[in-house]
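Visitor: Each chain is listed here by its residues.
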Amino acid sequence: MNIVVLVKQTFDTEAKIVLDGSGNIDPTGVNLVLDPYSEFAVEEGIRIKERLGGEVTILCVGPDSAQTAIRQAFAMGADKGYLIKDDQLAGGDSSVTAKILAAALGKIPHDIILAGFKSVDSGTAQLVPRVAELLKVPHVHVVTKIDIDGSKAVATKEIDDGFEIIEVALPAVFSAQQGLAEPRYPSMKGIMQAKKKPLETWTLDNVGVDAAAVSTGKTKVIQYTMPAERKGGRIIEGEVPDAIKELVQLTRNEAKVI
Amino acid sequence: MAGIWVFVDQKDSKLKKVIFEMLGEGKKMAQHLGEDLSAVILGKDIESLAGPLAENGADKVIILEDDKLAGYTSNVYASALTALIKEHQPTVVLFANSSIGLDLAPAVAQKLDTGMVADVTEILYGDQIVFKRPVYAGKAFAHVVFDDSARPIVATIRPKMFIAPEPEAGKSPQVVKAVTSEFGDLRQVIRDVVRKASGRVELTEADVVVSGGRGLKNAENFHVLENLADVLGAAVGGSRAAIDEGWLESQFQVGQTGKVVAPSLYIAAGISGAIQHVAGMGSSKCIVAINKDPEAPIFNMADYGIVADLFDVLPVMTEEFKKILAEG
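One line per chain: the protein sequences are S and U, in this order. Just so we're on the same page, this note's numbering is the position in the first sequence counted from 1, plus 530. Just so we're on the same page, this note's numbering is the position in the second sequence counted from 1, plus 43.
Heads up, a few of these hints could be off.
Claimed, not checked - In silico contact screen, one side only, chain S against chain U (beta carbon under 10 Å); selected entries:
#1 D651
#2 V667
#3 M718
Bear in mind the hints are in silico, worked out from the structure with no lab data behind them. Just so you know, even glycine gets a beta-carbon here, dropped at the ideal spot from N, CA and C.
Based on the sequences and whatever the hints tell you, model everything.
Guide: Right, here's the structure in full:
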C-alpha cells in the first residue's frame, strides 16, 4: 500500500497570537509543531502500513523550518518525505497549494492519500476536496475511521447529526478528524532513525508547476485583526445558593440570553 | 454575471437556522451589489421548501430535482451545482459551514477554478466585499478579499453569526426549475447513515451550550451537566481534558482542535480555561464559569463566575433555571 500523508507545520495550539508592527501574525518565539490534524493523518497512515504493509510518504508545502515537522512524522514511523519549498509563493492560498500538491502527487505513487481536514492555523478546510478534484479521485472529508478492503476503502465520515459510512474505490483522499487515530509518542529509537530517513526538497520546477501561474492565489488576506477583548472577571460572591440565584437572574435581566 | 446564491443544504426537507441567516446576509449583499438573491436547492421532493425560502427573502428559488440527488454524495452534487453555476453565472455562492457545505463548497470552487473562504463570521461592504473569518480558531481574524478574476465568490457561513430576516408571511415564491444532465461520476457509495439518538441540538447550532472539564472527575458525573442541558435545551460539550479522559466522545470537544461554538449562553463547569479551549468558545455572547479554583483563567473572560464546587452548584442552578423559565 502506498500511503501519502499531506502535512502542515503550524503554531503550538497553546501559543498566544499577537500581531507584529506591520499587522501580520507574529511568529516570534512561537513553538512550531506538526499540525494536530496532520498528526492524526500521519498516525492513521502508519497504522494502515502496520496492518497491510507498504510505505508512508510525507508530502509538505512549506518553508525550510517545516523539515522538523516532517522529521517528527518520521519519528512516529513514516518512511520518507518531500518538502516543496514555498518561497516563491508569498501570495498563495489554498487553491495554489492544492495545485502544487496535486502536481507532486502525480510523481509519487499513491493508493491512499491522507491529510488533516483542516489545520489549526488558517483552518481553510478546503485542501482535501480540492486535491481530490484535481486528481479526479474520490474523497471522504472529516473521517474518524478507515477500513481498507483490497482495492476499496470504507470510511466513517462525521456529519452534523451523526455519521455516514462511505465506500470508495482506491486511490482516494481522506481527511482526518479528531478521533481517527490518537497519535503515538515517538520512541527514542524512532527519533534516532528519523534523522537518517530520506527527506528530499523540491522546487516548483521539480513538480512541474509554473511559478508564475501560481504566484498569486484567488483570495488574499488584506488584514488581520484581534478579537474584541472580553471584560470578564465578575465573580458572584455570597452563599452558594444565593449566588446561583443571582447569577441565573443576571443571565435573564442583564445579559438577556435566557 | 449576476446574482447572489444561497445553497440550501437540507436534510429530510428540514431547513437549518443558518440557511435563514444566510438569506438575511445574502439580501444585504444583493442590495449592496444591486443584484437579486436566489435560494438554490438540489434534491428530490423538495418543492415544499420554496415557500419558506421566499418568505425569508429569496427573490427566486432555483430547484433542481433528480433521483440522482435523493441523498447527498460529493461528486454528483458538485457536478450538478457546477453546471447550474456555469449556466446562470452568479457573482457569489454562499454555503453553510455544515458538513455538506464544507464538503461541497471546495469541490465546486475547484471545478470552477475559483477561490473560497470558509467559516465566515462577518462580511464588510466597501469597494470590495471583505470576508472576515477566524484564524487560529478565533485567536485572530483574517480579512479576506477575492481577486477580481476569481468568480464566483464561494464562501461558507458560520452558523449564529448573521441575522435571519423577518419573514414575510405568504410571499409566494418565484420558482425556477433547473435541469442538467451533468452528474459527474459517482465516486462514493453511502453504505449507511447513523444518526445520533441523543435528540440534542447540534453543538454548533445550539443557543445554549453546557460544557464540562476535568472538574467532572468521571464520565458518570456528566449526568449533572445533562440535567442542566435538558432544562435549557442545550447541547453538551467538553474540554480537551474531558475528551482525553474518555468521558465524552471526541466530536463533542470544544476548542481549537474540536468544535468552535458561539452560543448566546455558554456554561463552563470544571473547566480551567486553557487557551486551547477558549479559542473554541470565546465568541459566545455570555459566558458563565463554575470552578472551585478562584485562580482559574476562565474567570478572566467569563461574564459571570461562581467559585465553588460544581457538584454543589449545578443541581441548584438546574432548579433555578427551571424556575425562571417557568415564569415565561
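Visitor: All the hints need checking, so say for each whether the structure fits it.
Guide: Okay, the hints, checked on the actual structure:
{"no.": "1", "hint": "D651", "verdict": "holds, 6 Å"}
{"no.": "2", "hint": "V667", "verdict": "holds, 7 Å"}
{"no.": "3", "hint": "M718", "verdict": "violated, 24 Å"}
Hint compliance for this structure: hint 3 alone is broken.
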